[in-house]
Amino acid sequence: MPIIEVEGLTKTYRVFQKKEGLLGALRGLYRREYKEVKAVAGINFSIEPGEMVAFLGPNGAGKTTTLKMLSGLIYPTAGDATVLGHVPWRREDAYRRRFALVMGQKNQLWWDLPAGDSFQLHREIYSIPRDQFDRTLGELAELLGVEKLTRQAVRELSLGERMKMELIAALLHGPQVLLLDEPTIGLDVVAQAAIQKCLRDYHASRGVTMLLTSHYMRDVEALCDRVIVITHGTLVYDGPLAGIVERFGESKLVRLQFEGPAPERREMERYGEVSRLEGPFADVRIERSRIAGALADVLNRHALADVSVEDPPLEEVIAKVFEEARLAHDAA
Amino acid sequence: MTPPDVALAPPRPGPLPSLVKYARIFRVALIERMTYRSDFLLGTILRFLPIVTTVLLWRAIYEGSGQAELGGFNYREMIAYLLLTNISRMFSSMPGLAGGIAREVREGTLKRYLIQPLDLLGYLLSSRVAHKVAYITMSFLPYAGLFYLCRGYFDGFPDPLQMLAFVVSLVLAFVVGFYFEASVGMVGFWFLEVTSVLYIVMTLNFFISGHMLPLDLLPQPWSGLLKVLPFQYMAYFPAVVFQGKVRGTELLLHLALELFWAVAFAVLARTLYRAGLKRYSAFGG
Amino acid sequence: MVAGVARYARMMGGLARYTLAREMAFRGNFLVKVSVELLWMGILVAFYRVVFAKTSTIAGWSEPDYFFFVGCFFAINGLIETLFLENCNEFAELVRTGDLDFLLLKPIDEQFLISCRKIDWGTAPNLLMGAILMAVALVQKGWTFDPGRVAAFVVTFACGVAIAYSFMMMLTSVSVWMVRNQSLMEMWWLFSSLVRYPREIFSGRGAEMLGRFFTFVVPILLVSNVPADVMVRVLDPGMIAWTVAVAAASLWVSRRFFHVALRSYRSASS
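Chains as they are written, first to last, in my numbering: chain W, 3 to 334; chain E, 1305 to 1589; chain B, 23 to 292.
A portion of the hints provided could be inaccurate.
Computed footprint of chain W on chain B, listed as stretches where at least three residues anywhere in the stretch have a Cβ under 8 Å from a Cβ of chain W [claimed, not checked]:
#: 1; region: 24-33
#: 2; region: 36-45
#: 3; region: 124-134
#: 4; region: 278-290
Taking lysine-lysine and the DSS-like style, the derived pairs with C-alpha atoms no more than 30 Å apart in a straight line are [what the hints assert, rightly or not]:
#: 5; chain 1: W; residue 1: Lys108; chain 2: E; residue 2: Lys1549
#: 6; chain 1: W; residue 1: Lys199; chain 2: W; residue 2: Lys150
#: 7; chain 1: W; residue 1: Lys150; chain 2: B; residue 2: Lys140
#: 8; chain 1: B; residue 1: Lys163; chain 2: E; residue 2: Lys1549
#: 9; chain 1: W; residue 1: Lys108; chain 2: B; residue 2: Lys140
#: 10; chain 1: B; residue 1: Lys76; chain 2: E; residue 2: Lys1531
#: 11; chain 1: W; residue 1: Lys108; chain 2: W; residue 2: Lys40
The set of hints was computed from the structure by calculation and includes no laboratory data. We put the CB at the ideal spot given by N, CA and C, even for glycine.
Sequences and hints are given; from them, build the entire structure.
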């Protein structure tokens, strides 16, 4: 039984077309033109309990809009969704007690108060039993290494510390579904890793279901087995992380080390794009279908000391997926 | 629109390019204002409610007193005066100005004025002029309608010279109001939450500017004292100029005094801004 | 039901505590705020003293009766400002920045959280100031104690607060559609000018119609008029019944209106 089910989910915005210049603004006072913008155009997917899914797409693809519909913040124009058996936008208390949304770009803690006070308020709002509250808070604060900071006014914390506090606030009530919108945006590598570790540990101990958007492939690689890619409001890929490379990564990086000096650039360029050529080393990007032939050919002509074949970095593949989707969209 | 003179302007632009820059800010702010028409409409309608209730209140007061004149104002003059103070306030009130400055300081968005070649006070002044122009243009018809409906309270228009003095007093009322509120906003550099100070000032100003009732109604020495302070120029003074209650040398003297206060507040606002910035950068923002 | 009420009461207590803690972190401002309110009361008293130096009645209200009315308005308005005004004022900004998201996520009534989440302690003494003014007015009037009037006053006072709150909620909700709704504070100030004076000033042609309009169609005039009336002037059971009915109806309508408005919330990103 899936924990999140989405069917034909659509959100259309009516956007006021602002006219150029002063005259246009004056005219706009009396007659307005609107344009329909499809932020999410009928997407379907379902997620099983305990899955950790990455939700990828370029800016404006509709990821955040989808997450916001799943959190019940905005009403869809059409389509259905159930999370934990609830229709999110009814915003029943029973639902809101069981999930959490973390947004990396916003903060919900009271700016002028210590985070600890905000946590207490959370306890009241979510009616968390005191012993459970104390235990969870202790665990999370230790996990994130912020035990000493909960008495300090939030405005005095660094971005990374603040984000850790936000994460604690989101996890205090023990949500079964965790929606994360760019949880590591703007953080340094150390803070990013801490947040990733916390999420991983939390997932391991509680079996929480997670849906996360991020622009950092590091987050995705560290956390998620499954990836959903949407561009222009439509789903273009839904499957395992490894599959995306297979499906969209058309070439691999072949690193060669020759016994003697590497051959001339012109010769190597017959196989593919040469990215490095010095001494005995040559790195060539070769289309997947041609790798076997190319290697055989090289071995025929030269003596090789070492060979490795690598997948292109995930970032590159994803960028390519987005680019192709954009071209397809522009053409249509 | 196209020539990128702003981008090409030297680090310390001369007066003309900066004028162009502020003119552009003015345009953008004006366009932005116009797009929020429903806000505008509701705001304008609401703005008439206090006028109606005040007229009714004063009618009840005059009826209750059974006298024709209170403090040298008969009933018609009183209503005309109160209507006119709304015109004065239309020029001199600056909703959100001081609070906006304080917010920029508190939330650190002030930094952009330190990074960009843009002067905070200049920016605020040009966008405020835009607000005022938009507001006054938009409320011209409703106000014209209101004054037409209330024409019975007026004895026609004053003579051209008096009219000129009225216009000058209004423009100066704008400048006095702007720099006065800007100065209050600068207090935000020292008090984190300046909104309350602002409230004191607004509250007090409501009374001592003569917006609630003509200063002449107050017993001495209060009425004399309040006429010495700068606040009367934000409501009382333009109204009585229009009504012809101030004339000749007295009128000239007060116009000169109004100009003096305008300059004084401008200097104060700028001084506070400089001092505040020093403090702000010392804190590291 | 009882558990629910207890939970909301506890939450209100918690919110009150935290806002007080925050307020005390800026103690100077708190004091300034209280003095503003004192000042405003002083101005009101000064204004009406000046006026009553020239007349003995306003629209049929004698000086002590009128001051009782002013005290009553002051207390109601003080309560509204303490509990709701600041929150409603911030609503437009929450919509604009999308920070409303966090309030909508909480497993708690949205209207409760949005309109009651911060208590503006600086205006809390207004209730006391209004009460003092009312008490002084009653003494000056030589009022004799009448439990019926006091009971009617308490009921209609509560209804007045409820009606004023409902109107404020509706003004607030509108900001979902009109993003960057300048300042609710200012709008409320303008709108509540209807509450500031006795209903009897709406006399003469045109004005009488307007007075009826604001009593029966958009019944904002009931807010401070009815409680003051039942205490120092006429005790009209019909008017009390109408006020109670209006209070219930306006609470319901404003709540519906608020929920309809929330459906249009777009949740701005970043």
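Structure-based check of each hint:
For a cut-off of 8 Å, the count of residues in the region 24-33 of chain B with a CB near a CB of chain W stands at 3, and the three-residue condition holds. Only residues whose beta carbon comes within less than 8 Å of a beta carbon in chain W count, and the region 36-45 of chain B has 5; three or more means the coverage holds. Check on the region 124-134 of chain B: 7 of its residues sit with their Cβ under 8 Å from a Cβ of chain W, so the three-residue criterion for coverage holds. Figure legend: the region 278-290 of chain B, annotated as covered by chain W; annotation consistent (4 residues with Cβ-Cβ distances under 8 Å, at least 3 required).
For the hint pairing lysine 108/W with lysine 1549/E, the CA-to-CA distance comes to about 57 Å; that exceeds 30 Å, so the pair is violated. Taking the CA atoms of lysine 199/W and lysine 150/W, the gap is about 19 Å. The hint holds against a cut of 30 Å. About 27 Å separates the Cα atoms of lysine 150/W and lysine 140/B, which keeps this hinted pair within 30 Å; it holds. With a C-alpha separation of about 40 Å, the suggested pairing of lysine 163/B with lysine 1549/E is violated against the 30 Å cut-off.
Restraint check for lysine 108/W and lysine 140/B: satisfied, since their Cα atoms lie roughly 20 Å apart, inside the 30 Å limit. About 21 Å separates the Cα atoms of lysine 76/B and lysine 1531/E, which keeps this hinted pair within 30 Å; it holds. As the CA atoms of lysine 108/W and lysine 40/W are separated by approximately 24 Å, the hinted pair is consistent with the 30 Å bound.
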